[in-house]
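Q: Chains as they are written, first to last, in the working numbering: chain H, 1 to 296; chain G, 1001 to 1313; chain L, 2001 to 2711.
Treat the hints with care, as some may be off.
Said to hold, decoys possible - Label-pair ranges, simulated between beta-carbon atoms: (1) G:GLY1174 <-> H:ILE23: 55 to 61 Å; (2) L:LEU2671 <-> G:GLY1010: 48 to 54 Å; (3) G:ILE1067 <-> H:LEU36: 38 to 44 Å; (4) H:ALA34 <-> L:GLU2042: 57 to 63 Å; (5) G:VAL1063 <-> H:LEU210: 44 to 50 Å; (6) L:LEU2025 <-> H:LEU210: 25 to 31 Å; (7) H:PHE47 <-> L:ARG2024: 30 to 36 Å; (8) G:PHE1009 <-> L:LEU2671: 48 to 54 Å.
These aren't lab readings, by the way, just hints derived from the structure by calculation. Every value quoted in this text rests on a predicted model; they were computed, and no experiment measured them. Idealized CB from N, CA, C, for every residue including glycine.
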Amino acid sequence: MIAESAGGEAQAPTPTSMWRQAIATYAENRLALAGLVVLVFLLLFSFLGPVLYHTNQTATSLINENLAPSGSHLLGTTPEGRDELGRLMVGGQSTIEVGLGVGLVATAFGLVYGSVAGFVGGIVDVVMMRIVDALLSIPYLFFVVLLAALVQVNLLVLILVLSAVSWLSTARLARGETLSLRARDFVTASQGFGSRVRHVLARHITPNLLGVVVVNGTLKVADAILAFAAVAYLGLGPAPPATNWGELISAGINNLFDGYWWQLWPAGVLIVAMVLAVNVIGDGLSDVVEVRLQKR
Amino acid sequence: MTGYVLRRFGQAIVVMFIVSVIVFAILHLLPGGLVRAQLGPRATTLAVHDLTVQEGLNKPLVVQYGIWAWHTLQGNLGFSYKLNQSVASLLGEYLPRDLLLVGVSLLFAIAIAVPLGVWQGYRRNRPDDNALSTVMLIFYSMPSFLLAVCLIVVFNLWTNLLPSTATNFGSGLGTDISVLALPVMALCLGNVSYFSRYIRSATIDNLLSDHVRTAIAKGAAPRRLLARHVLRNSLSSTVTLIGLTLPYVLSGSLVIEALFNFPGMGLLFWNAAQDRDFPVLLGVVLVVTLATVVGNLLADLGYAALDPRVRLR
Amino acid sequence: MSTGVAADSRQHVLKVEHLRTEFRLRSATVVAVDDVSFEVGEGECVGLVGESGCGKSTTGLSIMRLLPRIGHVTGGRVLLGDRDLTALSEGEMRKVRGNDVAMIFQDPMTSLNPTATIGVQVAEPLRIHFRTPKRQAAERALEVLNLVGVPNPRERMNDYPHQLSGGLRQRVMIAMALTASPKLLIADEPTTALDVTIQAQILDLLDRLRQELSMAVLLITHDMGVIAGRTDRVMVMYAGKTVESTSTNELFGATRHPYAQALLESVPQLTTSAADRLPTIPGAPPDLASLPGGCRFAPRCRFAEPACRAAEPPLEDLGGGHLAACIHPVGGPSERQANGLADAAVNVISGPAPEPAAATGPQSVAERRAALAEAPVLVEIDRLVKEYPIRRGLGLGTGGVSVKAVSGISLTIRRGETFGLAGESGCGKSTLGRIVSGHEHPTSGAVRIDGKEILRLKGSELRRGRSELQLMFQDPYASLNPRMRVGAIIREPLLVQGSGNRRQQWERVAELLDETGLSRRAIDLYPHEFSGGQRQRIGLARALALSPRLIVADEPVSALDVSIQSQILNLMKRLQGDHGLTYMVVSHDLSVLRYLSDTIGVMYLGKLVEYGPAEAVYTAPAHPYTHGLLQAIPVPDPIVERAKRSVAVRGELPSPVNPPSGCRFRTRCPLAQELCGQAEPAMQVFGEGHVAACHFPLQTPTAGEPPHPLA
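Let's have the full structure, built from the sequences with the hints guiding it.
A: So this is what it looks like as structure tokens:
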């Protein structure tokens, strides 16, 4: 009721930038702001950290196995005698790369697939979506492990394998949104003055779809990081000297009863911080999109 | 309702058919194909040739699929040379344990998450809700094995209350309960964090709906509102949610079983993956998928039964 | 019915004193209800009337203390008998709700719990307040369901809300409110979501119950017609304030506040002819977060002077308990004829500016008719049928079951004509509009625009053909892409059709903005930055971009407030004059159609039941359905409204899946006889161009065959 009276006929509206409004809405969510800070910190830690903190991450060293934190090894050493802190930085790189990679690939593919199914409709839609249903009912980790057992795993392969299960829900979302957008009056109007399908898709469907899909993509990043950790924990991640936080935690768990806490908890805290940060960023972005939906 | 049930059944069958085609396609991606998968890598060329002819694997792909599907329908899922047992009998042994682990943890998860989510929705954005939401978000953002390790640290390392592995499963009811406690808890907490977020927002939607306003205008107290008007309306969508989460719950069990050495299908699958024991891998995939499809179907039927708008159509 | 009696002659049930309700938004605190006082006596009906955002609903919710979390009652008292409701604890207040005071809401579908049976929901107040045993509570529920006229109440008790029709649902809502025999009933827009025929039934029911149970009723509505017929006293609200408060007769007979007066004038009425020009209120209600100083209506008031902007006028008694908040109250009866000042439309950004006169100037109805008779036919609708198959079972076959949306309609629309299509929701009028505009394919039959079947065209011809006819939408929010700037929105059709170069296109956009009364600054703004009326103007500007010949408008003003409605209606008329447009207007609102249309068609369950020149159809309807529809419309005149005796159209629209045999209207017709069920009535002539399909028409048909397309 209040909103109804806002922006009266007689008063002059002032132009507002959509971006500025979006940033303002995002900033209202303090948790989301904190998430952004944590994310930036983790990015710097993983990619800038190794420049400042030099360690040998290729060679193993028997004499340096399982050392407790000290002046020369700030967070102790791994079971292979590598510096744990340096290892966390390297592990962070691959964890973030997989997360973002899957988020991008899955979102892009799911968006195209889903919006095509929704826009074309009819039997094409039915067939395309039944395939999605089928793939979705295979428990994703079983599917990933099966694929990982079939092929030689490296980072790129892993991104593709995780994307292969991750795009499904994006496709469902994109289809649903496209279906409802297609029935909206502004699309009807556009068809009414003779727009081609391409024009309607580019001008009306995609821009309105993007917000929701981007939010979903953010949450995909978080899910992918968790799935990557699970795969690595199961021993199916890329082979050493490559590493990632999931594998580091796994090593820590093996030595849990020996009291080598530095091998487990720092990696655990980092991965939770990362996933938490991405999740709250996603919440913040969804506020932005929802505010726009309300304004419609 | 009959129409709805029939349509849903039809869909489930179509989905299973597509899954079987995918699994069949993967079989053909294998080095050596189906025969190697059945005979193992050390089989002689002659044996391979014999089986190829015997199984009709030199026939067109469609025919091969027909033969394979026919065998699968009869429960013939191949033979594991690694474990020297037919896949069907392996599954018969491991599957019931999973039903126990996953079933019990799901039941607990619902029993905790529903009241929790409804309460949080009722107290939305107040300090207690905020605190609970934060805790749930942390659980939600944790890899399941890390959550399990936290539980091991608390209940085993510090207090020595519960065993940290489930290897002893199957040696008496008392042991089984204590052995299952931590895996169930680990799976359950992860699901609670997921369900309660959903139920909280469903509750808020319900509380802000017109029909709840009507109930308030009738003088209903909060207790009655939640019990009669909110819970019932949130319940039907919760049932659907459980159906949709099944693949994730089963995926979670894979990691948890590997961590606790619980002799379920997850562990069987994991070991098979490390051994590249493909008949077992594919058999397990088919069975867990069938389980999710059936679970989804049941959930949708449950939803239809709970919601008069579907039931009485 | 008591009239004009001040409430203090009897015991008040509800007395609201200086109520103040605030909404605490993140950015600001907004006073939604500001110093509002009134009382409601036993058996009395008091109306709260105003446009959306004026605070009328908030007042109702404040009394019940049902405000959303951000809302707070921060001042005043709400006395129910001697008890101040604002001072009660939440627990005590719960004992009042549903027991002493009951409330019914606008949308009966969403306001009922979808997962509980009707019986349980109606019995619930007794279970809550008196812990009545289930069986007894159910008996009482049965009793009230009977009282509110639910047919077969015993069977309905076990039904769920979705199994009932809209009208029955609202009856159930009322039954639920009555279960515990409250002293006061607050009805918040109880009939806004319903068709006029059902609205009349529900309002009659409320009237009857109020008298039988001598209940106090607070009726909240935006509809001056409803106010005129059903209330004893009225309070008019504007921007959170009471502007006028008096007896209903006094308000309509001797309006004192310029806002109330302007509001009454700007409502199109059944007597408003197409030749008249509708007076408008320029501008829109103020934003409560940034109110102008002084009188809140001053910026839109034609009598405003500097003093009005200096200080807020107090609500004063102008004699006989007639209160108004105005420094210069207007002098009693409507000055519509005497005052030609009202023709001011809006220039969005720079404030009110005079509406430019139509190029052709006003024409009399007769002149227009004569001109139209000469005009060539533009639209030809030929035996049009549209059926939607219903999927059953596995969803493979349809089993031959379908919704009969349009069942064989033929008519023509001449160039420059406005054709108004009326009917209840679900009668198929919107479907017909969508087919004519080329957005849906008919099952059989054809629509020809200038002799061409648009949907038979292919490729670029189809795309070009489409530019000849444009749509105007009901919901201006939904019809504009929220991510495009207004300039791009209006330019889009030009871009798509490749008409002119870049510079010419932008010149055309500027021209269109001028024509629809929008500022050129609108080009850089997004749709959400405009109000409803402005968005409808943007939609019109876009529709005009390609200079179409036909505009199909589906409920073009029903999402807008009354004061904004008249602006858009006038704009539509002016544009028609300037561009020689042809309109097909689809609406449930017969008053709007009366004002716009040259010709009227009335649809019932997929059939055209009456068709003819507007003044003929309105003054002398031949079909009982048309007559019933016209009767059911609440007229903003207490004398006319109260003279109405009985409901003219009984019951509700039957299912379009299995329409009744013979005449489809017979199940609700007061004149129906055996013949009506056996044979479908043919069109008969009742004057020049006036036809109706009825076995027992309200007039004697004139001789002669109906003109070709309508036969």
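Q: Compare the structure with the hints numbered earlier in the document and write down the numbers of the violated ones, lowest to highest.
A: Hints 3 and 7 contradicted; others consistent.
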